[in-house]
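Below are the chains, spelled out letter by letter.
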Amino acid sequence: MSGASAIFSVELAYWQQTILRSVGVLAAVLLPAGTIVYLFLFKMMSFMQSRIGPNEAGPYGSMQLLAEVGKWLQKEDIFPSKADRHLFAMAPYIVVASVLLVYVAVPFGPDAWFAELDAGIFYVLAVSSLSAIGVLVAGWASANKYALIGGLRAAGQLIAYELPMLLAVVGVCVQAGSLNLFDIVRAQADGAIFGWEAVGNPYILTQFAGFAIFMVATQAELTQPPFDMPVAESELVTGYMTEYSGIRFLLFFIAEFASAGAFAIIASTLFLGGYYLPGLDLDANYMNVVGPLVLLGKMVLVTFLIFWARFTYPRFREDQLQRFAWTVLIPLALVNILATMILKVAF
Amino acid sequence: MTAVSDREQLRYIAAQAADARINFEIETEGMTINLGPQHPATHGTLRIVAKLDAEQVITAEPVAGYMHRGYEKICEARTYPQINTLVNRIDWLGSFANEVPFILASERLMDVEAPPRAQWIRTAMFEMSRIANLVLFAGDTALQIGGQTAAFYGFRDREFVLNQIEAVSGGRFHPNFDRIGGLKDDLPKGWIAETKTAMEKVRAFCDEIDDLVTGNEIFQARTRGVGIIPADVAQSYGLSGANLRGSGVDWDLRRDSHSGLVHRELDWKVHTHPDGDCFSRWWVRIQEIREATRMVDQCLDGLPSGPIMAKVPRIIKVPAGEAYVETENPLGAMGYYVVSKGDLGPFRLKIRSASFNNISVLPWVLRGVYVPDIVSILASLYFILGDIDR
Numbered sequence: 013m014s015g016a017s018a019i020f021s022v023e024l025a026y027w028q029q030t031i032l033r034s035v036g037v038l039a040a041v042l043l044p045a046g047t048i049v050y051l052f053l054f055k056m057m058s059f060m061q062s063r064i065g066p067n068e069a070g071p072y073g074s075m076q077l078l079a080e081v082g083k084w085l086q087k088e089d090i091f092p093s094k095a096d097r098h099l100f101a102m103a104p105y106i107v108v109a110s111v112l113l114v115y116v117a118v119p120f121g122p123d124a125w126f127a128e129l130d131a132g133i134f135y136v137l138a139v140s141s142l143s144a145i146g147v148l149v150a151g152w153a154s155a156n157k158y159a160l161i162g163g164l165r166a167a168g169q170l171i172a173y174e175l176p177m178l179l180a181v182v183g184v185c186v187q188a189g190s191l192n193l194f195d196i197v198r199a200q201a202d203g204a205i206f207g208w209e210a211v212g213n214p215y216i217l218t219q220f221a222g223f224a225i226f227m228v229a230t231q232a233e234l235t236q237p238p239f240d241m242p243v244a245e246s247e248l249v250t251g252y253m254t255e256y257s258g259i260r261f262l263l264f265f266i267a268e269f270a271s272a273g274a275f276a277i278i279a280s281t282l283f284l285g286g287y288y289l290p291g292l293d294l295d296a297n298y299m300n301v302v303g304p305l306v307l308l309g310k311m312v313l314v315t316f317l318i319f320w321a322r323f324t325y326p327r328f329r330e331d332q333l334q335r336f337a338w339t340v341l342i343p344l345a346l347v348n349i350l351a352t353m354i355l356k357v358a359f
Numbered sequence: 531m532t533a534v535s536d537r538e539q540l541r542y543i544a545a546q547a548a549d550a551r552i553n554f555e556i557e558t559e560g561m562t563i564n565l566g567p568q569h570p571a572t573h574g575t576l577r578i579v580a581k582l583d584a585e586q587v588i589t590a591e592p593v594a595g596y597m598h599r600g601y602e603k604i605c606e607a608r609t610y611p612q613i614n615t616l617v618n619r620i621d622w623l624g625s626f627a628n629e630v631p632f633i634l635a636s637e638r639l640m641d642v643e644a645p646p647r648a649q650w651i652r653t654a655m656f657e658m659s660r661i662a663n664l665v666l667f668a669g670d671t672a673l674q675i676g677g678q679t680a681a682f683y684g685f686r687d688r689e690f691v692l693n694q695i696e697a698v699s700g701g702r703f704h705p706n707f708d709r710i711g712g713l714k715d716d717l718p719k720g721w722i723a724e725t726k727t728a729m730e731k732v733r734a735f736c737d738e739i740d741d742l743v744t745g746n747e748i749f750q751a752r753t754r755g756v757g758i759i760p761a762d763v764a765q766s767y768g769l770s771g772a773n774l775r776g777s778g779v780d781w782d783l784r785r786d787s788h789s790g791l792v793h794r795e796l797d798w799k800v801h802t803h804p805d806g807d808c809f810s811r812w813w814v815r816i817q818e819i820r821e822a823t824r825m826v827d828q829c830l831d832g833l834p835s836g837p838i839m840a841k842v843p844r845i846i847k848v849p850a851g852e853a854y855v856e857t858e859n860p861l862g863a864m865g866y867y868v869v870s871k872g873d874l875g876p877f878r879l880k881i882r883s884a885s886f887n888n889i890s891v892l893p894w895v896l897r898g899v900y901v902p903d904i905v906s907i908l909a910s911l912y913f914i915l916g917d918i919d920r
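So the sequence lines, in the order shown, correspond to chains G and Z.
Residue 340 in our numbering sits at position 328 of the first sequence; the count goes up by one each step and never skips.
Residue 634 in our numbering sits at position 104 of the second sequence; the count goes up by one each step and never skips.
Bound conformation, chain Z alone (with noise of 0.2 Å):
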């Protein structure tokens, strides 16, 4: 755990304070007001109760599992294949970053290893799935916010990634391109060159919404200082992916554990920020596209030749084992634990993901703000509701 800095503690003192106060000094009768289950800014049927006094936040406590999908029951009566298709859709904004940890898992246990090509391939979709996620996350934030425009500027430029995706797997939201030992096909012809296109054009977005977005007066006075999470906080919350690296704490799972993707052999960097606020947790995610999109270039300059399958059986029996595998999707870490007796399919399957926990800190660090503020927490802190109601 990292030293907590003087300013950080601080505001934490401060934000404990500002709740003493509201709490005594001026009592009146609290509203509550509940946002959710179907409310604009939760985009998915999430319920925030929150008691207000005037605009300020008193307590809020978030209510999940409206749309409960049973996803990890599901699994235990499929088999290893067919569980590919279905958790694609746990965080259907990158949903082929869903798959890796699962066949990664399930190689595992088998003990095989995908080719290294396949490895190239499965890195850089990966981080494309990435791209497709932060993108539409950088339109919705400033939606939240209220600038509508970058919000279109995030659709259409999603569609450069999702085009590439399709083209290579044939499904545009949900790809079901990996398989356990390998890809399911080649990458087709002339798809590196558009994909590389594609990259400079998602480069070009990040400086159009710098511009629009991050440069802008008003969007810094409503995300600079609203939403402090300080390190130590989010750690105990189990926060992961961006929310952390927000908050400053340099931990990503793409370069400190082993999964077996090949993100330690590309160039890159690890971008944290110490503020804590809505506007760290941007900044993070924006300069996590530009550094993916580098990645999906070096991944495709870098890409070695050869077989895109290992051999596997032509049925998929798993033997038995249990394995975890984490990996840092778009939202933060993801992970899967496999049990299994050595069946078609897991005898058990458990799903960490990250919208869960990066959700949990929402009644601690909406206490004390004002309305608009939960939005733009809500907003930075960033949750697929897929991903929470597994």
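Chain G on its own, in the form it takes in the complex (with noise of 0.2 Å):
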């Protein structure tokens, strides 16, 4: 029985589960991205750099999202006259989709998700680096110098800290035993720090050293300053957004956010016990209201280190991300895997 059937207690036809997912996934995607831009980007931002703007829209700012998102889609939908015409409208949508399939194997709730996978991070880790196929042809479809730079320094970049990532997970699976995201979370719940049971274990107390490669990662990934350097706005203009206008340009933007809010929750899956809180029964079937919610708590706070780090770094050079990622993060979580695995074995 799907998770979405379950929790309504009905069966469903295949057709409309699938529809039903499909929105649901939609919801599970714009609504963390919404919270995200509004609660980070305007609220936050504009108290960290002193800029009241974004604050004076509508109640508490709130009507701000909607006159963007209005603004974006009222632009011109400008193509480059040498441009490659198909894989300039294509790239956005690549890059949208690698976020949407990262969160169908998120887990909400015991019965909340959109697929139960056996090796979910596995597939979370695999389609996440699709965005960067969508970044590299959006770089090189836009016929443009500074986008040609902007796509290649992105695909440099997300595949060097697609590594760290790897490694800084296969911790977690070591511990868990599992590569089932659901597993990882009950484990999490039910787990022990190396045989002592005091507390539930979120993994963030013992794999501290992963969860902060995987967060320093992540920031790549989402190239987020200090590693931003393939919209490096000062450099390369915006990089491979620098021909994108009005929807294009908002679906990138969403992107951008969305995954945020994706690795979030995956890193909140992972470190901090999922939909789970001490105090909770994991399997009943109010957790598929609350798990929700927890997760969106974890994944605030989460995105609030992303933001926290991008509004405070200055930017990297190309070649020392690149130094960084393999002298410093790639050794630090073979040497995180390796105290694991005695660890491990010993208790």
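By construction, these hints were calculated from the structure, which means they are not laboratory data.
Keep in mind the model is a prediction, meaning the values are calculated, not measured.
A virtual CB, placed ideally from N, CA and C, is assigned to each residue, including glycine.
Hints are not guaranteed to be accurate.
Computed cross-link-like contacts, DSSO-like style, restricted to lysine-lysine with a CA-CA straight-line distance of at most 30 Å [claimed, not checked]:
no.: 1; chain 1: G; residue 1: K157; chain 2: Z; residue 2: K581
no.: 2; chain 1: Z; residue 1: K581; chain 2: G; residue 2: K94
no.: 3; chain 1: Z; residue 1: K799; chain 2: Z; residue 2: K603
no.: 4; chain 1: Z; residue 1: K581; chain 2: Z; residue 2: K871
no.: 5; chain 1: Z; residue 1: K714; chain 2: Z; residue 2: K841
no.: 6; chain 1: Z; residue 1: K847; chain 2: G; residue 2: K55
no.: 7; chain 1: Z; residue 1: K726; chain 2: Z; residue 2: K714
no.: 8; chain 1: Z; residue 1: K847; chain 2: Z; residue 2: K719
no.: 9; chain 1: Z; residue 1: K880; chain 2: Z; residue 2: K841
Label-pair restraints from in silico Cβ distances [claimed, not checked]:
no.: 10; chain 1: Z; residue 1: A548; chain 2: G; residue 2: A79; range: 47 to 53 Å
no.: 11; chain 1: Z; residue 1: Q750; chain 2: G; residue 2: R63; range: 57 to 63 Å
no.: 12; chain 1: Z; residue 1: G700; chain 2: G; residue 2: F220; range: 55 to 61 Å
Each of the two chains sits in its own frame; use the hints to bring them together as a complex.
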């Protein structure tokens, strides 16, 4: 029985379930993206940077988001004359699709899920790297030198940071003994820190190095400062997004914030116990309602870290970024895996 | 000319070797990229034609002149008080400082001297325009390197100084407050106390920027050892201001020449940094903001009483002759060469401003750097396009 029909305790036809899930994924993508944009891009950033503008539209600045979206929708959809039109039009959709696909494997509650995959985390990491293709396509098809450099930088960066991210997750998988995201949440809910069973065990306690590496790699995957060279507005204007306007730019923009949400949700699932909070019953039916809210709360916490760094740090140079990935993050992640394995065997 | 240290020489040789290596070792088809004329990093219409090998710059050539405004020619058709309003706009970020050398040159020709009170207020305003300019430099450099937040802090704290300039002159960006023989008005009531508060705020801003940017590892990684200009090169290209002092040359017109401002009577220090890289230029400018706030405080404390205007005729006619006065403006040495034939306006006016010389070193310094370094070098050299394209 699928997740959605289990929650509503009704039997639905396959096509009905599919429609329900498609709507659900869209909501799951747009809701966090909107929350993040409002909460962090408008409220937190304007507070941090002493600019009051975004707080002025509507009560508590809540209309600013609508105004921005309305503005983008009105803009003309421009194709550069020498652009590869089909690829140019396709690129933002590839990027958005990769975000949508990430949400598919996320457990929101015992029955609130889109698909339960045995190799869930493997699938998530594989699918999230699809966005590299979209970015590269965007950079190439724009027929613009800034965009090309941006696209190539993005590809190099996303490939370089895929590895530490993967290695950071390996520690969690070893400790949970599973690639399934549900099992990882379950293991954290009734787990023990290497034999010590006093509290439930969010893996951030044991896998803190892994969490740190995962967050750094996430920052790079999202092309957020300090790793925002692909869109570096002072060097490459806006990199691979230079030639995009209107709705297509909006898609890139949504994808950026939605994938921030997606990675934050993955990080909360892997390291912060997912939809579980100590004191709650993991498998109770109310978790289908409480769980998503808990997960959203954790996502907001994790995205706060991402955006805090974004608004504070200057930008690395491309070669410094690569050096950081290969000489710091990857060895650290390998040591973390080794330590986890030894402890796993010892206890 | 000061001696070049061994370390600087080694760096110089290393830079040359890097050029040779790029040219011979990895010969690929280069890509020409136009940074500008409208590019966020050039904050104005400067174009840099850069030949790239992947992300490394082989050659870079600045192309200036897109917004040429023909100041020197216009000035030949204006009277002296009218020129005063024009030259405000040359370096629009520190506009009051542009008036001062021109007025001083005219005063020298007319053999008038402003009363002491006017000189002290002039010096205070001169240093305030330096703060207004360099505070924005701090924010802008951070923005070019990717730190958004500092840029907004820069704009925010510039307001404190601009408010004070506005309070005294009525003009925010173009005070037009200087007159030949003195100043337009005396200070308004309560201005001195408010300005001191503003200076406190600027000092707080410097601390904030030190915490947020100067001490940041990423900022240091991006600026230390990047865009090194040794002292001999800096001097041969005619760099001035903080760019020269950032290369370790101890030269400051406020201290070294007697121009008609009262800097010599104040207690302050010229900061130099031996490295000659982007970070040292940044560091020198931040120190200069601090020194400028100290100078403003001292100017206001020691303000003599008396008139603010010397006796000058109602219609100003400058006697025939020539005068050149140079002052240490926010961007560097700025001088006016006034040739008068005894008319209402100058026969010829030559403006020497700092930015043009400051960017002339670009083709030399940009060889062999990465594309992101172009931006940090441009930001650290700090130019105003209006100042280049006079």
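Taking the hints in turn, this is what the structure says about them:
Taking the CA atoms of G/K157 and Z/K581, the gap is near 12 Å; set against the 30 Å cutoff, the hint holds. Of the supplied pair hints, the one linking Z/K581 and G/K94 holds, its CA atoms being roughly 22 Å apart against a limit of 30 Å. For a cut-off of 30 Å, the pair hint linking Z/K799 to Z/K603 is broken: about 38 Å separates their Cα positions. For the suggested pair Z/K581 and Z/K871, the alpha carbons sit about 48 Å apart, so the restraint of at most 30 Å is broken.
Proximity of Z/K714 to Z/K841 is assessed by CA-CA distance (about 13 Å); at most 30 Å being required, the pair is judged to hold. Restraint check for Z/K847 and G/K55: not satisfied, since their Cα atoms lie roughly 59 Å apart, outside the 30 Å limit. Taking the CA atoms of Z/K726 and Z/K714, the gap is near 22 Å; set against the 30 Å cutoff, the hint holds. Between the alpha carbons of Z/K847 and Z/K719 the distance comes to roughly 33 Å, so the proposed pair goes past 30 Å and is violated.
Taking the CA atoms of Z/K880 and Z/K841, the gap is about 27 Å. The hint holds against a cut of 30 Å. Evaluation of the 47 to 53 Å hint for Z/A548 and G/A79 yields a pass: the beta carbon distance comes to about 49 Å. Range check, Z/Q750 to G/R63: Cβ separation about 27 Å, and the 57 to 63 Å hint is violated. For Z/G700 and G/F220, the hinted distance range of 55 to 61 Å is satisfied, since their beta carbons lie about 59 Å from each other.
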